[in-house]
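K.L.:
Sequence:
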Amino acid sequence: MGDGDDARLGDAQLDVNELPEAGGDRFELGELLGTGICSNVYGAVDRETGKTVAIKIQNLKEISNIEKDINEEYRVLRDLSSHSNLPDFYGAFTNKNGIELWFVMEMCEGGTVVDLVNSILLQNKKMKEEHIGYILRELIRALCFLHNNQVIHRDIRGSNLLLTKNGEVKLVDFGLSRELQGPEYKTNTGVGSPAWMAPEVVLAEYKDSSGQTPFYDKKIDVWSVGITAIELGDGKPPYLDIHPTRALFQIVRNPPPGLSKPSNWSQLFNDFIAECLEKNADHRPFMEELLEHPFITQVPDNVQDEIKSVMESIVNDVTSIRKPEVRIIKNGYLKSNQKETAKPMLLEDLAALKEVSEDAVLEELQARHFDGLSYTFVGDVLLYVNPNRDEDLYEKKHHYRYQYKCRSDNAPHIFSVADAAYQDMLHHEQPQHILMSGETKSGKSLNYGKLVEHLLFLGEQTHVKVNDIGLKIKSAIDVIQAFGNAANKYHMNSTRHVNQTQITYSSTGKLSGAIFFVYQLEKWRVTNPKTNGQKNFHVFYDFLDAASADGVLQQYKLDDNQRYRYLTADDADEQRKQTMSNVKNFNKLLVCMKDTLEFTDGQLNTIWHILAAILNVGELSVSDEEGETTIEDTDRIANIAELLEVDEKKLNWSLLNYCVVVNGTAVRRKQTVSGVYESIRVFAETLYARLFDWIVNVINLKLSFTRAIFGDSHVVYLLDTFGFECFHQNNMDQLFVNCLNEQLQYHYNQRMFAWEMLDLEEEGIEYYGMQYRNNKPIIDALINNPDGLLYIFDDATKNGEDNCLYVTNALENNPKEPYINVPSSKTFSVAHYSGTVSYQLKDILEKNRDFLAPEVVETMRMSKDNVIKDLFTNRLTKSGNLTVCKDKSLMVKTKNTKISRWGAALMAEKTPIRKYNTESRGEYSQTRRVRTASAVYRSGCMEILRSLADTSEHKNGVHFVRCVRATLTDRPLDFQPDVVRQQLKALSVVETVSARQNGYSCRISFREFIHRYKFLAFDFYENVEVTKENCRLLLIRLKMEGWLIGKSKVFLRYYNEEYLSRLYETQVKKVVKVQSMLRAFITKRKMAPQLLKQQSGNDDTLIPA
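With the UniProt record's numbering applied, the sequence shown covers 1 to 1105.
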């Protein structure tokens, strides 16, 4: 039968029971030639004929799921193997009592064409185009024969192309082949090798917009021929090194791939690949038409002999570097070898879900969680499900893996977010923000730390000084967390403040420093009762235990046997067990502050004295004897005064008395017992809060010098904050925490949903209705002026109301249902985005007053310690933070007066990035204007949100990380579906999946679009005007899909933006390489005369006398 004859498949099926036994002495098995997904191939000798054959052996016990595949392969081999480009088939046999199935075929001694390509590449050569053309021509001939007989192969790849010893090309492996019922017949099973699959195969199991299931036909093999052509040129196909789900997503969403270096190959070869890789199957050529392509028709006649010569010259054994095969089998399962069972193909990007629903998202996350996969993408949003265990995901090799990469180049990871922010910062020259949200114990602080690590790594650039900067930034974070983190019932290291970190870079992306803005320190924790697992800030326990271990407690007026009220918890025994750990933590803190950040001994001594003073303040007792309020422990007052270096009598008087102005005259008034206790409480809280601010200011000042040296043209912001909280009893602390999270969720809704719909409407583009929960009414009910809940607290405070009835009556008179309810006179509940939380009204008005008497402030201003004096002298910012002073004690230790003057100038800096809590930001005196805790809180929230806001002149890039707590227990890899489901609703995860599937996350003006990307599609000499037509032309030239163009903006999907970023980075690397080569050439030309002169001088010294 000739090559072109019609040899239709017969109807007879494979019957294993009817096959002859291969036992006995007929076949002598030789070496293992190759291993596949379901079989092994051995070399053998057929003793009956004396021929060397290849035997494909499959285990019949393991083929129940692929029985149809084996039957189709048998039929193709039996009925169509007569073609010269298909292997001769010698029969099917069983062996070992019917356990194994043997297919005996022609032996191809030359191995796979991939082995040949890899052998040539190992010699730093590439395969000749005529040789590639010859292999492709023979492949196309084999496929034409199969297609004429209504058979599609569905697994065309280089490893399925074999070479005989004479250089003939044979197409093998027909396990996925299928017979079509006629020329117009199509099929719809999404199977194959991921990197070689055509777009219509990937989409075969997805329903289209009309609800119909798409089909595909013979042209899928044409696509695979194009991918195989790239494989022959580059040594591997596109997307081979990435996860199959990422590969399939890019095949469908991105423009067709091409050769990695197209300029190294002829135009004909590039054109042949482009014709094969036409994404629209209707426009893709038929297999017969490929035979007419000039790249195929120009193949010389003697190429087969050349191939044979090349094979004979190969000495390298490349079988050891073969890439393992991965195949998608039915129902979306992946199989990579015979030993492992097929695994479900877990999605790395939830935006690729076939059907979007809460159950589908939950099921996918649960499967990934149990598979040890913590991170998942939702488009350009990263989702983290806390596994409650240490993971080896953050080693040095991972830093290199996520350096200057596109999001889809690697598995989802927190480093990919840092890398994306860093690249966007440089490419778009815009500040970048990374926002993390989630409940307490969801992993926000962990990811904050990993983000910092990777951002420092990206900016280090093997520069010693820069590495020192990174060490200082890490040490600064350790210090801030030691003073600003604490343990509670659910979390041993809970963040009790908002830390907005600016990491700054020079114009070239070199790390230059950092600025820390710390807001809303939960200072009430200093004096709150330590019940229900609540503890004070870490530094108190670390300092006390370290001082005890060093035997210096007496130096700080402390007692080893004393159970301090501000530290004592209901688990005091457990606290004592942690003594050694606390000492270790303190020593680490000391190294960070003294050795790395260069705090002076005097500064450190002041800090320890203040901590000791606060502990002593907590031990003060007040009594009322015959109408006279007194502090009982006079010795302790003396100790506190000595630690703070203030006058003992003045300190005692300021806590017991206050002054009011009556008819223009100051009149002394005595405090009540409760008033004194409140004064003591506020004094301890304020003292600690001011100390915390001062430490942060010192850190910022010390980091400002390197920013001045290296520059700070670029910045990435990180926000580490407390997570949403709901305890058994919640008060003002939790209200502030949850209210900030409420506002951050609103900002997420605006960026993710609302602003996109607004842009589409303004640009006159029809859009699908995004469904999301708008929490704006809740925020209005909480902080809207004048009748928001926090303003009601302020009114009660200003009117001198201590009774909670004032608040409940105000809420009843101006009801805010269903957002705020008042079930009793002692509680109220708020319907937050994450669920309804009940709050206790007890102590709220007292905490809101937050008033430290001017008499105490004036006493502290007379301290002999300049640091303590500054804590109560310097002005406060709107957010209630202490500003930095010009005192010399804050300067970096140096003898250079010029640098000292430079440091003073830095404190008065005016640039937006450099500006921190310097004197210019001080707006409030500490004595003249009383501000409530609510007012300070609102200003802090406003400052945080203002930094995220876009203006007409100032745009921000924002990257979101959504953190999910998998379980209410701490068991590793535990997963409670109901707990996760509630968080998915709160974080709008399902709505985000829909938005990323159907929406346009990148909306960019024509001017900015042309400015950014014109060099990707236009020559440098072209005059590209900012017009709608040029924007459209740019997108068409890049063969992108899924975009829209409005009246003044280009609307891109998230994968469009990623593709453009990939092209941008590639082109920039080329430009940098050309520049470096040109600089090297110019330098060599300049140095050539000097080198010649030096060489001639050396020659003269060698002339003998």
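Possibly wrong hints are sitting among the right ones.
Said to hold, decoys possible - Here are the computed lysine-lysine pairs in the BS3-like style, where the Cα-Cα straight-line distance is at most 30 Å: (1) Lys68 - Lys510; (2) Lys670 - Lys869; (3) Lys489 - Lys68; (4) Lys330 - Lys308; (5) Lys236 - Lys343; (6) Lys450 - Lys594; (7) Lys588 - Lys489; (8) Lys1028 - Lys1084; (9) Lys339 - Lys405; (10) Lys330 - Lys61; (11) Lys279 - Lys869; (12) Lys1073 - Lys1084; (13) Lys557 - Lys864; (14) Lys165 - Lys279; (15) Lys1070 - Lys510; (16) Lys510 - Lys126; (17) Lys510 - Lys472; (18) Lys1070 - Lys955; (19) Lys335 - Lys236; (20) Lys339 - Lys126; (21) Lys1039 - Lys128; (22) Lys125 - Lys323; (23) Lys279 - Lys339; (24) Lys588 - Lys557; (25) Lys1047 - Lys1069; (26) Lys584 - Lys396; (27) Lys128 - Lys61; (28) Lys798 - Lys650; (29) Lys557 - Lys450; (30) Lys955 - Lys826; (31) Lys261 - Lys68; (32) Lys128 - Lys396; (33) Lys776 - Lys878; (34) Lys51 - Lys126; (35) Lys279 - Lys396; (36) Lys397 - Lys261; (37) Lys61 - Lys472; (38) Lys165 - Lys61; (39) Lys1039 - Lys1073.
Hints in this document: simulated from the structure, not taken from any laboratory.
K.L.:
Now look at each hint and say whether the structure bears it out.
P.N.:
Evaluation of the provided hints:
1. With a C-alpha separation of about 59 Å, the suggested pair Lys68 and Lys510 falls outside the 30 Å cut-off, and the hint is violated.
2. Between Lys670 and Lys869 the alpha-carbon distance is near 26 Å, which keeps this suggested pair within the 30 Å criterion.
3. A threshold of 30 Å between alpha carbons decides the hint, and for Lys489 with Lys68 the separation of about 58 Å lies outside it, so the pair is violated.
4. Under the criterion of a C-alpha separation no larger than 30 Å, the hint pairing Lys330 with Lys308 is inconsistent with the structure, at around 39 Å.
5. Note on Lys236 and Lys343: the hinted pairing holds, with a Cα-Cα distance of about 24 Å set against a maximum of 30 Å.
6. Restraint check: the Cα-Cα separation between Lys450 and Lys594 comes to about 24 Å, which is no more than 30 Å; the hinted pair holds.
7. Among the hinted pairs, Lys588 with Lys489 is consistent with the structure: their alpha-carbon atoms are about 25 Å apart, no more than 30 Å.
8. For the given pair, Lys1028 sits about 46 Å from Lys1084 by alpha-carbon distance, which is inconsistent with the 30 Å threshold.
9. With a C-alpha separation of about 33 Å, the suggested pairing of Lys339 with Lys405 is violated against the 30 Å cut-off.
10. Only pairs whose Cα atoms come within 30 Å are accepted, and Lys330 paired with Lys61 is accepted, the gap being roughly 18 Å.
11. Under the criterion of a C-alpha separation no larger than 30 Å, the hint pairing Lys279 with Lys869 is inconsistent with the structure, at around 72 Å.
12. Among the hinted pairs, Lys1073 with Lys1084 is consistent with the structure: their alpha-carbon atoms are about 16 Å apart, no more than 30 Å.
13. A distance of roughly 18 Å separates the Cα atoms of Lys557 and Lys864; the hinted pair therefore holds under the 30 Å criterion.
14. A threshold of 30 Å between alpha carbons decides the hint, and for Lys165 with Lys279 the separation of about 37 Å lies outside it, so the pair is violated.
15. Proposed proximity of Lys1070 and Lys510 is supported: the alpha carbons are some 20 Å apart, at most 30 Å.
16. Proximity of Lys510 to Lys126 is assessed by CA-CA distance (about 38 Å); at most 30 Å being required, the pair is judged violated.
17. Between the alpha carbons of Lys510 and Lys472 the distance comes to roughly 15 Å, so the proposed pair stays at or under 30 Å and holds.
18. Only pairs whose Cα atoms come within 30 Å are accepted, and Lys1070 paired with Lys955 is accepted, the gap being roughly 28 Å.
19. For a cut-off of 30 Å, the pair hint linking Lys335 to Lys236 stands: about 20 Å separates their Cα positions.
20. Between the alpha carbons of Lys339 and Lys126 the distance comes to roughly 35 Å, so the proposed pair goes past 30 Å and is violated.
21. Taken as a hint, the Lys1039 and Lys128 pair is honoured in the structure, with Cα atoms around 29 Å apart against an allowance of 30 Å.
22. Taken as a hint, the Lys125 and Lys323 pair is honoured in the structure, with Cα atoms around 20 Å apart against an allowance of 30 Å.
23. About 36 Å separates the Cα atoms of Lys279 and Lys339, which puts this hinted pair outside 30 Å; it is violated.
24. At roughly 24 Å between alpha-carbon atoms, Lys588 and Lys557 fall within 30 Å of each other, so this suggested pair holds.
25. The hinted pair formed by Lys1047 and Lys1069 fails the criterion: a straight-line CA distance of about 33 Å is larger than 30 Å.
26. For the suggested pair Lys584 and Lys396, the alpha carbons sit about 26 Å apart, so the restraint of at most 30 Å is met.
27. Restraint check: the Cα-Cα separation between Lys128 and Lys61 comes to about 44 Å, which exceeds 30 Å; the hinted pair is violated.
28. Only pairs whose Cα atoms come within 30 Å are accepted, and Lys798 paired with Lys650 is accepted, the gap being roughly 28 Å.
29. Our distance criterion of 30 Å between C-alpha atoms is broken by Lys557 and Lys450, whose separation comes to about 40 Å.
30. Distance check on the hinted pair: Lys955 and Lys826 sit about 45 Å apart at the alpha-carbon level, beyond 30 Å; violated.
31. Taken as a hint, the Lys261 and Lys68 pair is broken in the structure, with Cα atoms around 41 Å apart against an allowance of 30 Å.
32. Distance hint between Lys128 and Lys396 is unfulfilled; the C-alpha atoms sit about 39 Å from each other, more than 30 Å.
33. The hinted pair formed by Lys776 and Lys878 meets the criterion: a straight-line CA distance of about 24 Å does not exceed 30 Å.
34. Pair hint Lys51 plus Lys126 does not hold up; C-alpha atoms about 34 Å apart against a cutoff of 30 Å.
35. Among the hinted pairs, Lys279 with Lys396 is inconsistent with the structure: their alpha-carbon atoms are about 39 Å apart, more than 30 Å.
36. A distance of roughly 27 Å separates the Cα atoms of Lys397 and Lys261; the hinted pair therefore holds under the 30 Å criterion.
37. A C-alpha spacing of about 62 Å is found between Lys61 and Lys472, which places the hinted pair above 30 Å, so the restraint is violated.
38. Taking the CA atoms of Lys165 and Lys61, the gap is about 35 Å. The hint is violated against a cut of 30 Å.
39. Restraint check: the Cα-Cα separation between Lys1039 and Lys1073 comes to about 26 Å, which is no more than 30 Å; the hinted pair holds.
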